[in-house]
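Assemble the whole structure, with the sequences as input and the hints as a guide.
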Amino acid sequence: MKVFAFSKRNDLEILRDPLNLLFGVGFPIVLLLLLTVIQRNIPVALFEIEHLAPGIIVFGLSFMTLFSATLIAKDRGSSFLQRLYTTPLTAGDFIMGYLLPILPICIAQSVICFAMAVLLGLHVTIHILTSVLFTLPVALLFVSLGLLCGSIFTDKQVGGICGALLTNLTAWLSGIWFDLGLVGGAFQKIANLLPFVHAVEMERAVLRGDYAGVFPHIWWVMGYAAAVTAIAVFAFLRQMKRQ
Amino acid sequence: MDAIKTVELTKEYKDLTAVDGLNLTVRQGELLSLLGVNGAGKTTTIKMLTRLTQPTSGDAYLLGKSILTESAAVKNMIAVSPQETAVAPNLTVWENLELIAGVHGLNKDEAKGKVTELSGRFGLGEVANKRAGKLSGGWQRRLSIAMALISDPQILFLDEPTLGLDVLARSDLWDMIRALKGSMTVILTTHYMEEAEALSDRVAIMKNGRLLLTGTPAEIKRRAGTDKFDEAFVRIVKEAVV
Ligand SMILES: Nc1ncnc2c1ncn2[C@@H]1O[C@H](COP(=O)(O)OP(=O)(O)OP(=O)(O)O)[C@@H](O)[C@H]1O
Ligand SMILES: [Mg+2]
Chain A
1 MKVFAFSKRN DLEILRDPLN LLFGVGFPIV LLLLLTVIQR NIPVALFEIE HLAPGIIVFG
61 LSFMTLFSAT LIAKDRGSSF LQRLYTTPLT AGDFIMGYLL PILPICIAQS VICFAMAVLL
121 GLHVTIHILT SVLFTLPVAL LFVSLGLLCG SIFTDKQVGG ICGALLTNLT AWLSGIWFDL
181 GLVGGAFQKI ANLLPFVHAV EMERAVLRGD YAGVFPHIWW VMGYAAAVTA IAVFAFLRQM
241 KRQ
Chain B
1 MDAIKTVELT KEYKDLTAVD GLNLTVRQGE LLSLLGVNGA GKTTTIKMLT RLTQPTSGDA
61 YLLGKSILTE SAAVKNMIAV SPQETAVAPN LTVWENLELI AGVHGLNKDE AKGKVTELSG
121 RFGLGEVANK RAGKLSGGWQ RRLSIAMALI SDPQILFLDE PTLGLDVLAR SDLWDMIRAL
181 KGSMTVILTT HYMEEAEALS DRVAIMKNGR LLLTGTPAEI KRRAGTDKFD EAFVRIVKEA
241 VV
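These protein sequence lines are chains A and B, in that order.
Using my numbering, read the first sequence as starting at 1 and increasing by one per residue.
Using my numbering, read the second sequence as starting at 1 and increasing by one per residue.
Derived from the structure by calculation, the hints contain no laboratory data.
Just so you know, not all the hints are guaranteed correct.
Derived coverage of chain B by chain A (criterion: at least 3 residues anywhere in the stretch with Cβ under 8 Å from a Cβ of chain A; other residues may be distant) [what the hints assert, rightly or not]:
1. 82-88
2. 92-101
When the alpha-carbon atoms are kept at most 30 Å apart in a straight line, the in silico DSBU-like pairs for lysine-lysine are as follows [to be verified]:
3. B:K238 x A:K74
4. A:K74 x B:K112
5. B:K14 x A:K2
6. B:K130 x B:K112
7. A:K156 x B:K14
8. B:K207 x A:K8
9. B:K207 x A:K241
For clarity, every value in this text was computed on a predicted model and none was experimentally measured.
A virtual CB, placed ideally from N, CA and C, is assigned to each residue, including glycine.
See the structure below:
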């Protein structure tokens with residue numbers, strides 16, 4: 001299958017970049033470790049692992065936007081993508097090839113984070129497995145955001161926008177480190193209109209085994225994922241046509 | 001049937017016409033060099049013929065298929081080695097070749113056979129497991145050209161294939177290009193006149209997006225009244241008013 005060859009290449013490009021591994025796996029693990037150590041030394045429950053792990057996993061997934069956007073923006077900047085445009089690959093193949101192969105990487109990242117969390121004291125339950133499953137819509141959201149950014153920005157811009165802005169938005173507006181209710185006001189309102197806090201709350205509910213608590217958060221995540229994917233497809237096709 | 005027939009093929013950018021009403025015919029199995037100074041419109045012509053750029057007006061037929069209405073059929077019979085080397089940097093040489101085999105729909109065995117054959121033909125065996133991004137410019141170019149041959153194209157476009165190659169590598173590549181003659185139609189651009197003269201069945205000279213003339217290297221020299229090909233090129237381009 002033509003699209004498999006292209007997908008495999010995209011996976012290899014991402015996995016062979018040591019910086020990607022450092023940020024994609026190393027960073028979330030270090031955060032888990034660090035915050036768990038801090039938790040052990042303070043009297044209040046701030047970073048309990050059941051609460052922390054889902055947040056870190058969502059935060060870790062935000063790096064996938066950076067990876068995929070960088071790959072796409074670099075491809076667009078070099079003649080490599082132009083060469084591929086002259087092959088029988090269709091527009092659909094390109095879009096699938098940029099979206100799908102990153103999803104298994106997302107799953108692997110979540111599995112590694114949960115494994116680390118278990119080492120740090122997270123109880124092993126079936127809910128871990130379902131949590132990994134529920135990361136899929138979150139992963140799709142971040143990966144399609146990568147397709148979108150990669151289609152409209154240069155690789156330098158991507159570094160700033162996805163690497164700095166998006167990861168920080170995800171970090172601060174998701175209630176990973178502190179309860180957004182403590183800040184309240186406009187901050188909380190904005191956070192609730194964005195998908196990040198809903199992704200974290202959804203994951204936390206699943207991990208608790210509280211499947212009713214998944215709602216309405218999952219609608220936010222899936223709604224954003226669907227909308228961003230649609231816009232990203234449009235943006236990619238537009239830049240492809242503009243060649 | 002002609003391998004390529006362009007009909008008033010035109011590309012306009014905002015304030016400039018990069019290719020202006022090009023009428024060019026290339027016969028099957030022929031090697032045609034597209035010559036012209038920087039900005040003459042060579043790459044733009046290739047980009048239109050390979051479906052990378054939409055023509056502003058006009059059309060072209062590759063083995064009878066219109067680039068405008070039969071894009072998929074066109075893509076199945078062409079291959080390009082772009083002016084800037086186009087390889088996947090984090091993939092090895094071998095993986096780059098396999099990738100192109102894959103996107104052309106070759107199955108595993110076919111791909112392996114083709115990759116082995118081409119890495120042999122282009123002397124890429126010794127660097128097969130190196131990442132393409134780590135190769136020197138000349139090696140990347142070789143790989144880039146080998147990648148264009150994986151799909152056994154009927155029409156091959158080589159945009160400045162020997163740019164940046166040392167003398168030996170260039171002479172090797174000339175041999176390889178000569179070996180292709182007859183088995184496929186080749187469109188080549190180059191700024192090396194001795195290369196054009198040595199390899200081409202015919203040359204086409206462009207200036208400011210227009211086709212000045214086409215002919216065999218011998219005809220071109222006769223037309224310009226000199227027995228040196230590079231001199232003939234310079235005279236023709238300088239004297240032309242377009
Ligand atoms: N995307 C573009 N937008 C605007 N102008 C362009 C674009 N691409 C090419 N041009 C212009 O079109 C003209 C022809 O360019 P082209 O690249 O086809 O020349 P060329 O013959 O390949 O030159 P060279 O020998 O330097 O490679 C140039 O004036 C170039 O600046
Ligand atoms: Mg050019």
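Structure-based check of all given hints:
1. For a cut-off of 8 Å, the count of residues in the segment 82-88 of chain B with a CB near a CB of chain A stands at 7, and the three-residue condition holds.
2. Counting residues of the segment 92-101 of chain B whose C-beta sits closer than 8 Å to any C-beta of chain A gives 5, which meets the bar of three, so the coverage hint holds.
3. Restraint check for B:K238 and A:K74: not satisfied, since their Cα atoms lie roughly 39 Å apart, outside the 30 Å limit.
4. Taking the CA atoms of A:K74 and B:K112, the gap is about 28 Å. The hint holds against a cut of 30 Å.
5. A C-alpha spacing of about 36 Å is found between B:K14 and A:K2, which places the hinted pair above 30 Å, so the restraint is violated.
6. As the CA atoms of B:K130 and B:K112 are separated by approximately 18 Å, the hinted pair is consistent with the 30 Å bound.
7. Of the supplied pair hints, the one linking A:K156 and B:K14 holds, its CA atoms being roughly 26 Å apart against a limit of 30 Å.
8. Proposed proximity of B:K207 and A:K8 is contradicted: the alpha carbons are some 43 Å apart, above 30 Å.
9. Between B:K207 and A:K241 the alpha-carbon distance is near 27 Å, which keeps this suggested pair within the 30 Å criterion.
Violated hints, in rising order: 3, 5, 8; the structure is consistent with all others.
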